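Quick note on this note's numbering: the sequence shown kicks off at -2 and runs consecutively.
Hints are supplied without guarantee of correctness; some may be wrong.
Unchecked claim - Simulated DEER-style distance windows between Cβ atoms:
1. 501 / 266: 17 to 23 angstroms
2. 158 / -1: 46 to 52 angstroms
3. 360 / 72: 23 to 29 angstroms
4. 222 / 414: 56 to 62 angstroms
5. 72 / 117: 33 to 39 angstroms
6. 180 / 325: 29 to 35 angstroms
7. 381 / 170: 39 to 45 angstroms
8. 325 / 72: 31 to 37 angstroms
To be clear, the hints were calculated from the coordinates, so they are not data collected in a lab. Note that the structure is a prediction, hence the values are computed from the model and not measured. Here a beta-carbon is modelled for each residue, glycine too, at the ideal position from N, C-alpha and C.
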Amino acid sequence: MATANIPVTRVVVMEDRAQVERKGSVTLDAGLTRVEVSGLPLVAVDRSLKVEVQGATLIDAKLVRRWREKPTGGLPADASDLRRRVEALRLEIEKASDEVSRLEARAELLGATRGDLLRGISEGAGAGKSEPPKWTDQLELLSKRQAEVDEALRRARREATRLQRRHAEAEGALSTAEEKERDLEGALALTLEGQGTATVRASYLVPCAVWRPAYRASLKGDAVLLEAEAVVWQRTGEAWKDVQLQLSTARPTLGTTPPALVEDRLALRAKQEVERRVVDVAIREEVIQSAGETGGEAELPGLDDGGEARLLSAPGAATIPSDGQPHRVPLFHFEAKALLERVCPSELSGLVTVLSRFPNTSGQVLLAGPVDLIRQAGFVGRAQLKFAAPGETVKLAFGSEDGVSVVREVHDKVEEARLTGRRTTTKKVRLHVSNARPEPAKLVIEERVPVSEVKEVEVQVLTKECSPAPSAVTKDGIARIELELPPNGTKTAVFAWELSAAAKVAGI
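Turn these sequences into a full structure, and let the hints guide you.
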């Protein structure tokens, strides 16, 4: 049997697993040769094994697991200095324990000898045989031997305790610095036919590997520098050292099944009398969902969206140890000109936020993920970056703007027509804006108005009563009020709208 070193050259990390590829060359003698490649993870999926050989004929290929052979002396030849120190301390502890056991046995023997001597003295004195000088010498000699053994036993126990403490410290350092050696090991067993040098390429799937996108956005003047990274975790049992790393959004284990078809019967019926007289209307909150800035699907694409799979590549060689810890791998970065504006959603908060809009000029898709926000003063917070296709506009908020604040006051007025019974609710919002900065400030205040879906309810913005009038009102009911404030100045803006409902409308 021949052994070969076929290192890991390429890894494709998916949502919850990874595909590992090894490539190398082996030297074959004439005839059949059994080649074994060690160092494979125990969790490798057998049915995913794929082996390609050039320069020889592949007869058989399989993954094997076996008990690791214990080396002579308890340590492998490539053991580290720290592991050798742990083994040396273990051997010293064994010697110290043997010494303690020997001294305890000797102390027990001396104790039994003292008992026999005292019994002999009592029996001799009872029989009238008195030998005080001899008994004194024997007791003094025995006491001297016992004192020597007790002192040696005390020192041996102290030394054993010290060695155990040092061994525990060394084991703690070893468990932190190195992974514990496994009793089982995995290997790739190949049977090849041929002679000379053959190139072997093997790939297999492993679980316990995952990746997620992460970003870092830095605001530099009127430009945004966006850096994309991949955060990779793996605990497969094999280290990926200097490999070509690729990140995929594919989910190979997710089965595709057609939707279940059920009957959906529609029937017409005449309106009931109460339905002719009353229109039941309810006000509900809707979350505006979009992909990127310009709109799109309601759900954000990501690693688990089931859409088109994406494959991203790290620019250089990457090293990911098998420690279960997150490791950040740079993917790409780009800098784009940004449109900056100060925006205040006054209904939610009186803080003014610095909002940036910039195009995705990287040529890559931006998957949904967390983004660290950095300004000139440093880290300002963390946000969620939405999916953005190449060329699509990205929107990010870089924290609040100090020195600019908004105070909001709301006044409601309800009127009802006596003849028609039509109810009109007028809402007037006063926005008190202050600028404590030494330079002028331009900001946008966003107010929202209801959006009616029935003809019996009408909503309109009272432009003549607004000061200033909103520059735009979106189809989702978001009104943009643009203001310019002088240095250390204040200004009051008024925004008014009315909701008119017919007499037969109920619920509002």
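Checklist line | Hints violated by the structure (numbers, ascending) | finding: 3, 5
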